[in-house]
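Assemble the whole structure, with the sequences as input and the hints as a guide.
Numbering-wise, the working numbering puts 914 at position 205 of the sequence shown, and it's gapless, one number per residue.
By construction, these hints were calculated from the structure, which means they are not laboratory data. Quantities reported herein were computed from a predicted structural model and do not represent experimental measurements. Just so you know, even glycine gets a beta-carbon here, dropped at the ideal spot from N, CA and C. Please note that the accuracy of each hint is not assured.
The calculated lysine to aspartate or glutamate pairs, modelled on DMTMM-like cross-linking and capped at a C-alpha distance of 20 Å, are [stated by the list, open to error]:
#1 Lys1073 - Asp1046
#2 Lys887 - Glu907
#3 Lys895 - Glu866
#4 Lys944 - Asp1046
Beta-carbon label-pair distances, calculated as ranges [what the hints assert, rightly or not]:
#5 Asp848 - Glu789: 17 to 25 Å
#6 Gly1076 - Ser1037: 17 to 25 Å
#7 Asn734 - Thr819: 28 to 36 Å
#8 Ile727 - Gly1000: 54 to 62 Å
#9 Thr819 - Arg842: 15 to 23 Å
#10 Thr819 - Glu1056: 34 to 42 Å
#11 Phe850 - Leu737: 37 to 45 Å
#12 Asp984 - Pro714: 44 to 52 Å
#13 Gly1000 - Asp795: 45 to 53 Å
#14 Lys845 - Tyr733: 18 to 26 Å
#15 Gln1095 - Pro1070: 25 to 33 Å
#16 Ala822 - Gln990: 49 to 57 Å
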Amino acid sequence: PDAQPSVVATTADATISISEPGVYNAELIVTDSAGASRAAAVPVLVGNDRPSVQFSSPQTGDFFGSEMPVEFRILVHDAEDGTNDDDAIDQQGAEILDADSPARVVLNATHSADAYSPTGSVGAVATDPPGLRRMKSSDCFNCHAVDQRRVGPQLLEIANKYRGKDDALEASVQRVLKGSTGVWGKIPMIPHSHHTVEEIREMVGWVYSLEPAGLTRIFNGFVGEIPVSAEESAKGGHYRLEATYTDLGAGVVPPLVSATMVYLRPRMMEAENADEVHGPQLLGSGNASGGRFVGAINHGHFLRFRSINLDQTNQVTLRIASAGSGGSIELHADAPDGPLLATTEIEVNGQWEQFYDRTVPLTKQLGETSITGRHDICVVFTHPRQAGGLMNLDSLQFQQQGDWPADASR
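Right, here's the structure in full:
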């Protein structure tokens, strides 16, 4: 590409078509009526489509546990490189990825004790350090990843090189502010003058704070297994799987990286962490796992757990207590009045916080209809005569029969 900049437009809306492959910088300069101006720029790569990477399995919401490893399969589609998707190869005549392509697939498996949610840790956004929050709202992760090389170097590599060196932080701040070239390779880093020095210092400070993650394990290839330790299973929390694929680039255009993530849940789910709580109150007790439970339960109240993989679940163990009316717990698919998978009567044990286990098998064949795959599970509390004061619920374990003892995660 021509090294000399050219003005594309002087209006708020602009369109440009670039036919020659290469790496370009698109810079926006805004000048006010007093003559003061600010600039922002983003890199534009032409001639290499970004690859697509996705998990064939597992899917977000699937289970992890020490009773069996997590099996993964990753599918990649790239306009230039090809694909490993047999359906696309057979039905669309797509090119097959080269023999070295499995080495360009990296899967990071990270266990966290934070409670599961379909988008990661509960409250993760609120606890992000200020520097990381600024980086997420800027363009940093378009070109950098924590532990993988993208357009620029991995952030952990930067931290390892400069950590503890006098004046290194301020030098990095100036390179980010003004741009630089030749420090980490041939591709220049564009100026980030739209940020203040203080904002950049926060971001660089976060990068310098990075340490190798002790609970992150790295796997290569399209298929494999991730062993889960008994300790991780006992802690619950969630597993984050991040898969990345680095393509081969295209001539003068550097390689591009795409990533995708799924989040796995433990088989033991705290009742208070249900995706929806309709009616009951969340209460505290030292006898409850996690220190909290669902109580003040009335007839017709229910909980919803989204996207439970019934192909991985044959029975559910409920941890319950009742010094009140007792009643029944019904497990329905998809809605509180959906297909009934299980029901069990709750015995009154005379203690509100002395929890006991009740295991109930799932009936997934209802007449000619099979209930398979992923469904919401609604936990419905009922009593034929009493309206309130039924029971307390501490947790549920979604089990494969014979594989997961009721007290495995306690």
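Hint by hint, which ones does the structure fall short of? 4, 11 and 16
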